[in-house]
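Protein chains: 2
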Amino acid sequence: MLTTIRSREQEFLQYIREMMHYQEVLHLLFWDVRTGAPKKGLGLRADVIGTMSTKKFAMSISAEMKTYVEELSQAEYYQQLSPITRKVLEHAKKEYDLLIKIPEKEFASYEVAKANASAAWEEAKHASDYSIFQPHLEKLVETNKRFIDYWGYRENPYNALLDQYDPGMTVVRLDEVFTKVKAKLIPLLHRTQEAKSKPDTTFLGAAFPVEKQKDFHHFLLRELGYDFGAGRLDETIHPFAVPLNRKDVRITTKFNESYFAGGLFATIHEYGHALYELNIADELIGTSLCTGTSTGFHESQSLLWEKMIGRSKPFWKQYYPTLSTYNQEQFHGVGLDDFYRAVNSVSPSFIRIEADELTYPLHVILRYEIEKGIFANEIEVRDLPEIWNQKMQEYLGIVPPDDRRGVLQDMHWSAGMFGYFPSYALGYLFAAQIRNTMRKEIKEIDQLVEEAKFTPIKQWLAENIHVHGKMKDPDQLLLEVTGEPLNSDHLLSYLEEKYSDIYKLDK
Amino acid sequence: MLTTIRSREQEFLQYIREMMHYQEVLHLLFWDVRTGAPKKGLGLRADVIGTMSTKKFAMSISAEMKTYVEELSQAEYYQQLSPITRKVLEHAKKEYDLLIKIPEKEFASYEVAKANASAAWEEAKHASDYSIFQPHLEKLVETNKRFIDYWGYRENPYNALLDQYDPGMTVVRLDEVFTKVKAKLIPLLHRTQEAKSKPDTTFLGAAFPVEKQKDFHHFLLRELGYDFGAGRLDETIHPFAVPLNRKDVRITTKFNESYFAGGLFATIHEYGHALYELNIADELIGTSLCTGTSTGFHESQSLLWEKMIGRSKPFWKQYYPTLSTYNQEQFHGVGLDDFYRAVNSVSPSFIRIEADELTYPLHVILRYEIEKGIFANEIEVRDLPEIWNQKMQEYLGIVPPDDRRGVLQDMHWSAGMFGYFPSYALGYLFAAQIRNTMRKEIKEIDQLVEEAKFTPIKQWLAENIHVHGKMKDPDQLLLEVTGEPLNSDHLLSYLEEKYSDIYKLDK
Chain C
1 MLTTIRSREQ EFLQYIREMM HYQEVLHLLF WDVRTGAPKK GLGLRADVIG
51 TMSTKKFAMS ISAEMKTYVE ELSQAEYYQQ LSPITRKVLE HAKKEYDLLI
101 KIPEKEFASY EVAKANASAA WEEAKHASDY SIFQPHLEKL VETNKRFIDY
151 WGYRENPYNA LLDQYDPGMT VVRLDEVFTK VKAKLIPLLH RTQEAKSKPD
201 TTFLGAAFPV EKQKDFHHFL LRELGYDFGA GRLDETIHPF AVPLNRKDVR
251 ITTKFNESYF AGGLFATIHE YGHALYELNI ADELIGTSLC TGTSTGFHES
301 QSLLWEKMIG RSKPFWKQYY PTLSTYNQEQ FHGVGLDDFY RAVNSVSPSF
351 IRIEADELTY PLHVILRYEI EKGIFANEIE VRDLPEIWNQ KMQEYLGIVP
401 PDDRRGVLQD MHWSAGMFGY FPSYALGYLF AAQIRNTMRK EIKEIDQLVE
451 EAKFTPIKQW LAENIHVHGK MKDPDQLLLE VTGEPLNSDH LLSYLEEKYS
501 DIYKLDK
Chain Z
1 MLTTIRSREQ EFLQYIREMM HYQEVLHLLF WDVRTGAPKK GLGLRADVIG
51 TMSTKKFAMS ISAEMKTYVE ELSQAEYYQQ LSPITRKVLE HAKKEYDLLI
101 KIPEKEFASY EVAKANASAA WEEAKHASDY SIFQPHLEKL VETNKRFIDY
151 WGYRENPYNA LLDQYDPGMT VVRLDEVFTK VKAKLIPLLH RTQEAKSKPD
201 TTFLGAAFPV EKQKDFHHFL LRELGYDFGA GRLDETIHPF AVPLNRKDVR
251 ITTKFNESYF AGGLFATIHE YGHALYELNI ADELIGTSLC TGTSTGFHES
301 QSLLWEKMIG RSKPFWKQYY PTLSTYNQEQ FHGVGLDDFY RAVNSVSPSF
351 IRIEADELTY PLHVILRYEI EKGIFANEIE VRDLPEIWNQ KMQEYLGIVP
401 PDDRRGVLQD MHWSAGMFGY FPSYALGYLF AAQIRNTMRK EIKEIDQLVE
451 EAKFTPIKQW LAENIHVHGK MKDPDQLLLE VTGEPLNSDH LLSYLEEKYS
501 DIYKLDK
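Protein chains in written order, with my numbering: chain C, 1 to 507; chain Z, 1 to 507.
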């Protein structure tokens, strides 16, 4: 009997490993399309991506998968499984259940609806005409509501969606933290706007030759210890990190001659994502657990590096002198403090992905509230532009001049990604909470950063967070690492302290 | 009935299309590994390549494939199929038969034997010790002999192998042409060696900055009309062309600061391969016919561009003045004629892939004769080093100082690729024969090349050769294009004329 179980367990793990091989292929296809696949081949390439996605999808709901899930879940089998296999099984079962509950026909027509919605969204955004997108969005929303009925949910239908990105996250918990965040950030934003001493950002727009920027990015990545034997840096329109496998995690960035800061912080951000994937335990290689535990946790690791280390004063004490040698004229007469303040300047803006650290969470909360309202049947899709603009006025004090820079700016809804946005804000909350613990446990952390000694920080993150991959759920991980559940105080006091300093606000 | 046939035909074509999607994935994985995939991830990547190869392989011998082949081959079905489907079916059936005749167990152990042989060959080559490789090569040869028995063959067992690379090619035909080639080239080589006026090649070794070389390669590819919207140029150790799909055919080259010519002609060579794939008829997209008709024919297209256009005097009349501006010092005092002679200089050398146009076919014939002898049971694997060196002495007048630069230089045998080498020489023969016809049909072709007017040449090649893909077999295609079967006279007179001029030989 034990032999049978062991061999079934191995067969199951091999089956999962093959699914992960499809995933590596899909990630490579994704990377290739964005980093320079010839344009004319993309139409035919799309069919290849379709075939590979379909194959992977078919494996997650196959009769074979059903047998594994049912068989290995039986008590006499389950008790014999290794802890890793149990967790892999749990994930496989969860995915299987999500997919199998939806009638095949509805699933297929949803895929078509998403494709149509994406095309309509592109057109609508280009024309800045919400009415082109609206019927498509309505259809996707209706379909998701029906899916939620098939799946079932606890307390709130929207929870079923949240759970797919940050397992365990609920409306009740988000409402609690986001209310506090709004209550603190909106007044703090006003105080920065009214501050007398504002950062001078004009020098940021000076020309910085792209080749020089590239050199500096490479220099910085080597300083941070990004392993070019297990990754590479390429250029794309939207920067990203993509894990091909546990020893091949690639990042991309962008280069704008007249705004070097955008690409520079994007590189550090993506480095944070990559570091997470590169530090996962060897024993999880080839399993579905070999990735970050949730969307929000992943974002916490990129934000920790980009915002909390990469935009900190100790960091630039070390690197500003070097940076200035890469483009001397631009930084002539700009002191360290001027530089530090400029790259942390705050300004309400229309576009989420261009927002600063202080206004960014407000962009996300706006989207969260809209999604929550939609799935509680309290908001109609046709009213989104109006609601969007009202909330922009309320939270950021500005109203987008058109829907292109408003409700139509993000691709998420057109791809059916409802419940994703909150993860971006959770990233900030997790990051600040983790930072708080890290500062207690690593002595003189600012000194270490100032001396470019990142090893203790990287080791701490690896041992406490990265190594676990998906073996620990986000809730459990956050509790184990920080000793408390989600707590917005850490983000709020971090922001209060940092921006009071930068804007020289009265305490 | 007709509806059933049409729908079965469409299902079959869809099945083939999926196989081609796996092929695109495999080609992308290949390209990625060579152009810059992070080294540390390659171990895990190998498993992904293994899974994808296995999936594609499984599709070619599946029960589903068997049903398609059997069903569609029946007369009442077959008569209703489109000409394209018939040809696709023919290829699928041929592959199915080749694979299915080999007992599954033997196939699996052959895969292991090849993997072991490859590793042993690497080690043997590094140590320049044939004895490390010999037992592995013996095993691969024995296995292939057994496979040939399973497959059956006409006239000569070796024909079964030749047919897999250049369908229809036989020992009788190769013996005939290769005997003539040897009889002509060996004395011609001697005459160049005894010539009083030899090209001065010293300037070729001067430093040519790599960035400048890259710029010139890009310039030249644009001149030739390589479509960067449907391809790209990257750098690899060994240059290659790889079709991802019909509208995405990528090439690679190499850059050596102290030998620009190697990379330059590699780029033109790979351009020739890419042009073939990019010109195949739209209606063959997604079928197994959407590639060159044979290994030898593919090589003919690369050689035509590299050797017969790219190393011709009219070509450099146009481009030498431009080339010299990219690295003025190097070409100072070197006239057009000096340049033309230098890049066509002849010299017997040990390594096939570094050989010139005149000695290259002799390298291939040597390998052909060895393979032929092995499969006729006239040559023992243990005697290869000795036979190799004897033939090198006889054909090229030089003997490799060690097996690394002799019998161990190529990877083909370690990968079980017996019957492949002749295609390289066939490439020369096809190219010269095609060139002969093209020169008759395109008026003032030298003038066109000299004026950088490549369109008529490209159009002629596209219409007569490229567009057909695998719809026409190589024999048929050669006959239709040139009006005669394989004829070595064209290569021999081309070489005689060209090298008599370059070495100022008495006619």
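These aren't lab readings, by the way, just hints derived from the structure by calculation.
Careful: at least some of the hints might be erroneous.
All copies of an identical chain are treated as equivalent in the list; a pair is satisfied when it fits inside any one copy or across any two copies.
Cut-off 20 Å, straight-line C-alpha distance, at most; resulting in silico cross-link-like pairs (EDC-like, lysine to aspartate or glutamate) [claimed, not checked]:
id, residue 1, residue 2
1, 39, 282
2, 180, 200
3, 40, 283
4, 55, 155
5, 196, 501
6, 40, 282
7, 56, 18
Keep in mind that this is a model prediction, so the values were computed, not measured.
Results for each hint:
In this assembly of identical chains, the alpha carbons of residue 39 and residue 282 lie at most 20 Å apart only when taken from different copies (17 Å versus 37 Å within one copy). For a Cα distance limit of 20 Å, the shortest separation of residue 180 from residue 200 qualifies neither inside one copy, at 30 Å, nor across copies, at 81 Å. Taking identical chains as interchangeable, the C-alpha atoms of residue 40 and residue 283 lie at most 20 Å apart only when they sit on different chains, with a minimum of 17 Å there against 41 Å within one chain. In the homo-oligomer, the alpha carbons of residue 55 and residue 155 never lie at most 20 Å apart, since the shortest distance is 35 Å inside one protomer and 44 Å across protomers.
Taking the shortest alpha-carbon separations for residue 196 and residue 501, only the intra-copy value of 13 Å comes in at or below 20 Å, while the best inter-copy value is 84 Å. Taking CA atoms no more than 20 Å apart as the test, residue 40 paired with residue 282 passes between copies only; the shortest distance there is 13 Å, against 39 Å inside one copy. Taking the shortest Cα distances, residue 56 and residue 18 sit within 20 Å of each other both inside one copy (9 Å) and across copies (14 Å).
Violated hints for the displayed structure, listed by number in ascending order: 2 and 4.
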